[in-house]
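These are the residues of each chain, in order.
Number of protein chains: 2
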Amino acid sequence: MEYEFDYNLLKEQLDTVIRGGTVEDAKSLIDEFHAVDIDRVLEDMDAPDLQYFLFMLDAERVAELMENAEEELQRQMMRFYSTKELIDIFSFMVNADAADLLGLLGTQRRKDVLNYMKKSDSDILTMILSYDEDSAARIMTTEFLSLKQSLTVKEALLKIKEIAPTTEIIESIFITDDLHRIQGIVDLRDILVAPGFKPLADLIDDSPFYVYADEDQEEASNLIYKYDLKYLPVVNKNLAILGVITSDDIIDVMEEEHNEDMLAVGGVSKDEEYDSHFFHSIKSRLPWLVINLFTAFLASAVVSMFESTISQVVALAAAMPIVTGMGGNAGNQTLSIVLTSLVRGEITLEDDLPLIVKEICLGLFNGAVIGLFAGVVLYLKYHNAYLGLIIFAAMILNMMIAGIVGFLLPLLFDKAKIDPAISSPIFLTTCTDICGFFIFLGLASLLLPKLV
Amino acid sequence: MEYEFDYNLLKEQLDTVIRGGTVEDAKSLIDEFHAVDIDRVLEDMDAPDLQYFLFMLDAERVAELMENAEEELQRQMMRFYSTKELIDIFSFMVNADAADLLGLLGTQRRKDVLNYMKKSDSDILTMILSYDEDSAARIMTTEFLSLKQSLTVKEALLKIKEIAPTTEIIESIFITDDLHRIQGIVDLRDILVAPGFKPLADLIDDSPFYVYADEDQEEASNLIYKYDLKYLPVVNKNLAILGVITSDDIIDVMEEEHNEDMLAVGGVSKDEEYDSHFFHSIKSRLPWLVINLFTAFLASAVVSMFESTISQVVALAAAMPIVTGMGGNAGNQTLSIVLTSLVRGEITLEDDLPLIVKEICLGLFNGAVIGLFAGVVLYLKYHNAYLGLIIFAAMILNMMIAGIVGFLLPLLFDKAKIDPAISSPIFLTTCTDICGFFIFLGLASLLLPKLV
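Sequences listed follow chains S and X, in order.
Going by the numbering used here, the first sequence opens with residue 1, and the numbers climb by one from there.
Going by the numbering used here, the second sequence opens with residue 1, and the numbers climb by one from there.
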């Protein structure tokens with residue numbers, strides 16, 4: 001019962017099987033470990049070894065390995081098989097997985113596979129593939145039970161017994177009218193205890209949620225999260241039910257969104273992994289760095305404007321990064337609060353604009369506390385009260401700006417349908433840098449006679 | 001069927017009901033909207049109005065509102081009810097939700113409620129509450145079907161018909177031995193089609209996963225995510241099954257982790273919300289800013305060391321933030337990659353240390369490209385090739401350091417069981433600031449005669 005997985009051990013066992021094991025050895029190895037783990041080892045295997053190993057297995061086991069693999073391994077695996085063999089392998093998968101794999105094939109090969117398939121299967125797969133890769137349709141389960149609302153409980157039970165073994169979802173039955181339009185959901189338990197003559201229409205749960213097939217997966221994911229839904233029907237323009245998204249379907253969507261946000265805030269493109277190829281990483285990171293360099297030059301240009309001031313009071317050079325750095329930190333605090341609230345759909349520019357007052361006050365208060373510390377330290381170090389006063393004032397102003405920008409930027413980007421996690425951080429830092437330098441050095445220039 | 005929710009409209013409707021509506025009006029309003037949305041309006045209501053409204057409702061509807069509410073509203077709601085009434089309300093909830101609510105009550109009141117309850121209920125709730133708030137036990141469902149492996153399919157079907165209506169999970173049956181120790185999972189569909197004389201033991205799916213009740217929810221969440229599990233049994237030290245975590249139970253866990261990470265990286269404590277009270281926000285943010293101020297002074301002290309150099313070449317003051325800023329950006333890129341991989345459990349210090357070479361090379365390459373740009377611009381601006389050369393070299397060195405620190409810090413923190421998302425960013429920036437200033441200004445001091 002206890003499950004233990006050791007990459008190196010599994011690798012050795014796989015090697016042993018390939019270097020002279022029997023078909024039975026291969027199969028029992030597959031059954032002992034989870035496909036996710038086996039795939040991790042297969043990823044690092046040479047193509048000939050991989051092919052040899054896969055050819056020892058039956059279509060059902062290959063299907064399990066294939067549907068759990070990463071895209072690259074999936075592509076590689078599919079190359080080993082003929083059209084007919086692929087169809088056989090796909091027959092052991094749910095439609096959503098088969099559709100994803102088909103989506104990876106070249107146009108011609110995909111057509112071939114669809115043409116050789118049973119028409120009922122290829123119709124569903126073609127329908128799924130007709131929707132965008134990020135659409136709700138691409139994560140829905142098509143193996144669900146749907147019954148007409150006019151059926152009685154007794155009729156329904158007979159149908160359920162007949163269809164249930166081939167469906168993925170059985171605890172909920174999706175109820176439609178005669179035109180296949182979704183009417184609601186009935187719990188299997190309610191059918192089990194209801195009198196046989198009752199029509200299903202009377203048992204419908206008032207779950208008023210559904211998504212259109214072409215809506216974004218994030219939309220579906222947000223609904224399921226917010227309303228704690230187990231099942232979310234997916235419908236076409238005519239409200240006919242095409243499939244069902246289950247709560248476990250959105251786990252991957254959520255995880256992906258999460259990663260994208262974290263990477264975006266860090267200035268990395270969303271498809272970079274920790275073990276991505278060197279040149280992939282360059283491609284992912286260098287463009288961001290170039291943009292950052294440009295903004296760094298803007299900030300540097302502001303400092304240049306005050307070179308004569310700095311040359312007279314060099315202490316300013318040592319103190320100015322404190323103002324810009326703290327502004328950036330305070331702005332990031334506001335930004336991260338707003339970004340997480342945006343992800344949860346809790347905050348909008350229209351409803352929550354007044355909260356900007358709170359952020360400005362926070363900037364004022366925190367800026368005053370931090371500015372006071374900084375001012376006292378500078379005073380003690382350089383024995384000049386004006387220097388202390390200048391950093392105190394600059395800190396307050398810059399932190400208030402940081403609050404305003406950190407609050408507004410993500411909301412404005414979101415409204416403009418630009419990903420706020422990607423775009424906000426860089427603009428925010430540019431802003432707090434430029435303003436920080438300008439305010440601090442500008443005040444210093446005004447009070448220059450008192451500083452020298 | 002189409003569900004529309006408008007905060008202001010719902011607020012008006014609720015007000016109308018409170019200012020003279022009937023009990024029936026109140027109930028039909030509750031039935032029309034989702035509890036999550038109604039709770040959002042109730043949150044902003046005065047206590048007397050809230051109490052008046054709740055008292056119009058039956059225990060079942062109150063239970064629905066209460067279990068979907070935020071903690072603060074839950075506490076407030078519970079204050080309106082007597083011990084007996086609370087028990088009545090809890091009886092309409094699953095045990096996990098009732099346990100969470102009980103956990104919010106004071107010790108004495110909790111004891112009272114448990115004492116007045118049916119013993120079978122209070123036993124389960126006491127068991128759940130005996131585990132830590134973040135433990136697997138606190139998100140598990142205790143309403144599941146567990147059957148002994150020695151039962152035949154026919155016996156099992158009879159039991160299932162009897163128990164099913166009161167359980168939350170019916171599509172999977174959890175199989176135990178005579179000592180209630182978990183043996184595996186059987187799919188209800190497999191029972192439906194198997195011959196009646198077969199023992200359940202023969203139908204067990206080899207799903208070798210379980211978690212101990214006191215393990216962290218993150219552990220359970222990672223297993224479910226990684227292996228795409230629908231159900232994860234929760235066991236005690238003797239492997240007796242106590243409950244089951246379903247994939248929808250971990251959605252909240254994942255969302256919370258995500259938010260914590262995003263907030264941590266931004267330097268905000270995890271319980272701050274966009275609409276938190278002003279002083280709550282101060283408490284959440286000011287301590288971080290103070291720590292940041294301290295590190296900013298460290299960096300500033302490095303600049304101070306070179307004041308005489310800067311006074312001779314003021315251009316250095318304008319150029320130095322470029323080196324530190326770009327180092328911070330590059331380090332954040334590495335950091336965000338490592339953090340997301342850590343969350344997914346893909347990377348460890350032991351297995352992946354060699355990848356540090358890639359990060360160093362990335363720092364070298366990106367540093368060279370960015371340093372070249374920056375060097376050329378500085379050369380064109382100040383007509384001094386040495387200044388260009390210095391920023392070129394400093395950029396390369398600082399970005400290599402950024403790669404090393406951005407890679408090692410989160411892995412070391414993780415190993416030391418310190419949250420890497422909270423601690424890494426601040427140390428990283430401190431490091432790239434101090435090193436950036438030191439390298440750039442240090443090189444400038446060495447080559448000072450060529451710069452003046």
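In short, the hints are calculated from the structure, not lab data.
Each hint should be verified, as a subset may be incorrect.
No copy labels: a pair is met if it fits in one copy or bridges any two.
As the list claims (entries may be wrong) - The calculated lysine-lysine pairs, modelled on BS3-like cross-linking and capped at a C-alpha distance of 27 angstroms, are: (1) 27 to 230; (2) 198 to 159; (3) 358 to 11; (4) 84 to 159; (5) 27 to 198.
Structure-based check of each hint:
Taking the shortest Cα distances, residue 27 and residue 230 sit within 27 angstroms of each other only across copies (24 angstroms), while inside one copy they are farther apart (35 angstroms). Both within a single protomer and between protomers do residue 198 and residue 159 lie at most 27 angstroms apart by alpha-carbon distance, with minima of 15 angstroms and 24 angstroms respectively. In this homomeric assembly, residue 358 and residue 11 come within 27 angstroms of each other (Cα to Cα) only across copies, at 24 angstroms, whereas the closest approach inside a single copy is 57 angstroms. When the C-alpha separation of residue 84 and residue 159 is checked against a cutoff of 27 angstroms, the pair qualifies neither within a copy, at 32 angstroms, nor between copies, at 44 angstroms.
In the homo-oligomer, the alpha carbons of residue 27 and residue 198 lie at most 27 angstroms apart only across protomers (25 angstroms), although the nearest pairing inside one protomer, at 49 angstroms, exceeds that limit.
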